[in-house]
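If you're matching them up, the sequences are chains S and Y in order.
Its first residue numbered 1, the first sequence is counted upward by one per residue in our numbering.
Its first residue numbered 1, the second sequence is counted upward by one per residue in our numbering.
Honestly, the hints are just simulated from the structure, not real lab data.
Owing to the predicted nature of the structure, the values given are computational and were not obtained by experimental measurement.
Any given hint could turn out to be false.
[Stated by the list, open to error] Partial chain Y-side listing against chain S, Cβ under 8 angstroms, derived:
hint : residue
1    : Arg317
2    : Ala327
3    : Pro330
4    : Leu399
5    : Gly400
6    : Lys403
[Stated by the list, open to error] According to the in silico footprint, chain S covers these stretches of chain Y (three or more CB under 8 angstroms from chain S):
hint : segment
7    : 296–310
8    : 331–341
9    : 391–397
Every residue gets a Cβ at the ideal spot worked out from N, C-alpha and C, and that includes glycine.
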Amino acid sequence: MTADDSELKELRASVREFMEAKSPEEAVRKLMESEPHFDTEVWAQAADQLRLPGLAIPEEYGGDGFGLVELGVVLEEMGRALFCAPFFATVLLAAQALLASGDKEACARHLPGIAAGRTTATLAVAEDNGSWDPALITVRALPDGNGGWRLKGRKCFVIDGTTADLVLVVARTVAGPSLFAVDRSATGLSAEPLETLDATRAMARLTFDSVSATLVGADGAGGRIMARVLDIASVGLAAEQAGGARRCLETSAEYARVRHQFGRPIGSFQAVKHKCADMLVQVELAEASAREAARLATEDAPDFPVAAAVAHACCSRAYMVAAMENIHVHGGIGFTWEHPAHLYFRRAKSSQLLFGGPAVYHERLLDRLGI
Amino acid sequence: MEPDDMQDFAAEARRFLDAHAAKAPDRTAVTWGEGDDSMAYFSSLPPEEEAEQVRRAREWQRIRHGHGFGWITGPPEYGGRGLTAVHDLLYDAVESEYDVPDTGVLGVVGLGMIGPTILAHAQPHIKDRWLPAMYRGDAIACQLFSEPGAGSDLASVATRAVREGEDWVLNGQKVWTSVAHHSEIGLALTRTNPGAPKHRGITAFLVPMDAPGVEVRPLRQMTGGADFNEVFLTDVRVPDDHRLGEVDGGWTVALTTLMNERNTVGSEGAGPVAAALSPDHLSALMRATWTWDDRALRGRLAELLVDAMATGYLNDRARRTLRAGIAPGPERSVAKLMYGQNLTRAAHFVSECLGPRIIADTGRWGTYAWSELLLATPALRILGGTEEIMKNILAERVLGLPKEPVTTMAKEVRS
Numbered sequence: 001m002t003a004d005d006s007e008l009k010e011l012r013a014s015v016r017e018f019m020e021a022k023s024p025e026e027a028v029r030k031l032m033e034s035e036p037h038f039d040t041e042v043w044a045q046a047a048d049q050l051r052l053p054g055l056a057i058p059e060e061y062g063g064d065g066f067g068l069v070e071l072g073v074v075l076e077e078m079g080r081a082l083f084c085a086p087f088f089a090t091v092l093l094a095a096q097a098l099l100a101s102g103d104k105e106a107c108a109r110h111l112p113g114i115a116a117g118r119t120t121a122t123l124a125v126a127e128d129n130g131s132w133d134p135a136l137i138t139v140r141a142l143p144d145g146n147g148g149w150r151l152k153g154r155k156c157f158v159i160d161g162t163t164a165d166l167v168l169v170v171a172r173t174v175a176g177p178s179l180f181a182v183d184r185s186a187t188g189l190s191a192e193p194l195e196t197l198d199a200t201r202a203m204a205r206l207t208f209d210s211v212s213a214t215l216v217g218a219d220g221a222g223g224r225i226m227a228r229v230l231d232i233a234s235v236g237l238a239a240e241q242a243g244g245a246r247r248c249l250e251t252s253a254e255y256a257r258v259r260h261q262f263g264r265p266i267g268s269f270q271a272v273k274h275k276c277a278d279m280l281v282q283v284e285l286a287e288a289s290a291r292e293a294a295r296l297a298t299e300d301a302p303d304f305p306v307a308a309a310v311a312h313a314c315c316s317r318a319y320m321v322a323a324m325e326n327i328h329v330h331g332g333i334g335f336t337w338e339h340p341a342h343l344y345f346r347r348a349k350s351s352q353l354l355f356g357g358p359a360v361y362h363e364r365l366l367d368r369l370g371i
Numbered sequence: 001m002e003p004d005d006m007q008d009f010a011a012e013a014r015r016f017l018d019a020h021a022a023k024a025p026d027r028t029a030v031t032w033g034e035g036d037d038s039m040a041y042f043s044s045l046p047p048e049e050e051a052e053q054v055r056r057a058r059e060w061q062r063i064r065h066g067h068g069f070g071w072i073t074g075p076p077e078y079g080g081r082g083l084t085a086v087h088d089l090l091y092d093a094v095e096s097e098y099d100v101p102d103t104g105v106l107g108v109v110g111l112g113m114i115g116p117t118i119l120a121h122a123q124p125h126i127k128d129r130w131l132p133a134m135y136r137g138d139a140i141a142c143q144l145f146s147e148p149g150a151g152s153d154l155a156s157v158a159t160r161a162v163r164e165g166e167d168w169v170l171n172g173q174k175v176w177t178s179v180a181h182h183s184e185i186g187l188a189l190t191r192t193n194p195g196a197p198k199h200r201g202i203t204a205f206l207v208p209m210d211a212p213g214v215e216v217r218p219l220r221q222m223t224g225g226a227d228f229n230e231v232f233l234t235d236v237r238v239p240d241d242h243r244l245g246e247v248d249g250g251w252t253v254a255l256t257t258l259m260n261e262r263n264t265v266g267s268e269g270a271g272p273v274a275a276a277l278s279p280d281h282l283s284a285l286m287r288a289t290w291t292w293d294d295r296a297l298r299g300r301l302a303e304l305l306v307d308a309m310a311t312g313y314l315n316d317r318a319r320r321t322l323r324a325g326i327a328p329g330p331e332r333s334v335a336k337l338m339y340g341q342n343l344t345r346a347a348h349f350v351s352e353c354l355g356p357r358i359i360a361d362t363g364r365w366g367t368y369a370w371s372e373l374l375l376a377t378p379a380l381r382i383l384g385g386t387e388e389i390m391k392n393i394l395a396e397r398v399l400g401l402p403k404e405p406v407t408t409m410a411k412e413v414r415s
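The whole structure should be built from the sequences, with the hints applied where relevant.
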């Protein structure tokens, strides 16, 4: 299903209104220092009132059947507000991994709960070195002799890893990297919260000590599944980044209009004006690349993987530039804990490096272009 | 999906082009060492070849006009088709699939910027005289705006126009005037009231370029070619009916031209320089120069491609917005700024791959030819408004930042 322009506008307006009410700066600051890092009541409202978790889940699994374009609008708004919620891990990582696996039984078991907002989930891929490349993982899965599997090893940088009800894990079998589902309460699974650069996105280290797991999709299909999930997730992340970058630009422009120094608004100085124009250029490119990639995804266009790589690189840089310059435009006040600029800086840097960083995604782009 | 009438229009354009032109080869595909390796952004042709190119441009415009595609958005009473900007874009998209003569000499300044200005501001009989001729390819127009003392600060023009009976007498010097040496008419900004504040003392005239006292001297640019000129106006008599707009009201006229300039300049060309931003071409170049495995260069190539492709997405979005009947936002200005930067970065990236091979011509294909683009890049940050001017426009008009206050000293200097 695809929403038309006016429906997208409506969606954006209702999500923005929700964010303004439920995720103002005070709420973000309170949540990033509490455990869990999100408000379960607000999460339930996002599911019940706005049906956000199920937006892009197919109707047969209890969702509304929209795609990445609509999801992008929601993520831009969440990115603007630094919304603390298990949305990214649950909807973009876990749900998309289930869908990419093609495992109808697993989808039927887990997706309706996710769509309804009752189940939160995450995807554990990276280990201590932070790489998302399935070829580099060491967590192993062994058959338990009864048709099930047991996981052994350690995952790191797992988003919402201490709170997710369902953990999807990429582990190695004889056939290669494969996807497994693990219940949060499974025996032998321990989760340890990590201190994070971006406190609005919780991360954990998970240790699997012979944990009972269910294979999702074909044995050895983990590489293919991950390629698809990373494309979708990086476009979702790109939307979030574009939203955050836009917010930084708006904050800077507003400040440059009203803040006076040397007897005039600082925005009238060409040096400041051009900084803001440079930010605008980055933000425009970011939005265009994120939205275009999302559009190509829904059309199932063959150049979607290229566009996804472009969006990931472009939005990572744009957000970083906007978040840095935002602090600079604000001067000394921008460097204080009280000012929200550092929250965006932290989110921007953390998002830029989440899936491996520029060197990794630049090579991914070149690879997709056959270079 | 295009609405029906759009599909009909596109089909009509295809029929016309099929009958008059060949399909264009894919300019981004590359077989190393084969074909034309020119990377010229500005022409550096010998005069006789350039004259031949201008002749072919006029001829193609005449054919195009004869079949209803010469002035798609123009009013029918002046030979236009009376259709929308969307039709215009659609025709451009279809025509780009064909190998047709480059009509930039007519189009970029004359048809893109001065035509709409004449339409908006000239007297009816002047429109009758010049508009059909321009869009038929008979009259090329140039923009007599910039002066040695008035580049980006256009309102500082000093060329004088003094009224004598039914005529005006023009004296002064214009500069950086593209295609003046091929032009039949020029749109001149002149100072008619030195006592008024600088924006309010300007008047615009249409100057026949064969009028006595008009002297065009080619100006050689750093690429070696001579695309633009100095134009000296010495006691040039222009009848009052060639005035556009009110006396001392020329700034309004200039704004019409400049508004159209932003719609014209900086759109991505499909000419030889398209190769500079083509992944296939750049990767072939890395193979040919044995820089394939250089990690630093690979990283820079990726960044370059990210920018080039994101700029393309921005243009796509602007076109889609326009097609939906909504005026685009700042996308075009951002894309113009990025296009110049992308080409500049590509030229410098390539020169690092080539190393010494771009500083002396060994005769080898695809190496020294890039020096043509390299030398053109500084101009990309100046033409159509310097980067600084473009950024001011974005910051002030899109972000609403305040203008730079005019200091007392600047006021004194200007008055």
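Here is what the structure says about each hint:
{"no.": "1", "hint": "Arg317", "result": "holds (5 angstroms)"}
{"no.": "2", "hint": "Ala327", "result": "violated (14 angstroms)"}
{"no.": "3", "hint": "Pro330", "result": "holds (6 angstroms)"}
{"no.": "4", "hint": "Leu399", "result": "holds (4 angstroms)"}
{"no.": "5", "hint": "Gly400", "result": "holds (6 angstroms)"}
{"no.": "6", "hint": "Lys403", "result": "holds (6 angstroms)"}
{"no.": "7", "hint": "296–310", "result": "holds (count 10)"}
{"no.": "8", "hint": "331–341", "result": "holds (count 4)"}
{"no.": "9", "hint": "391–397", "result": "holds (count 5)"}
Hint 2 alone, counting from the list given before, is not met by this structure.
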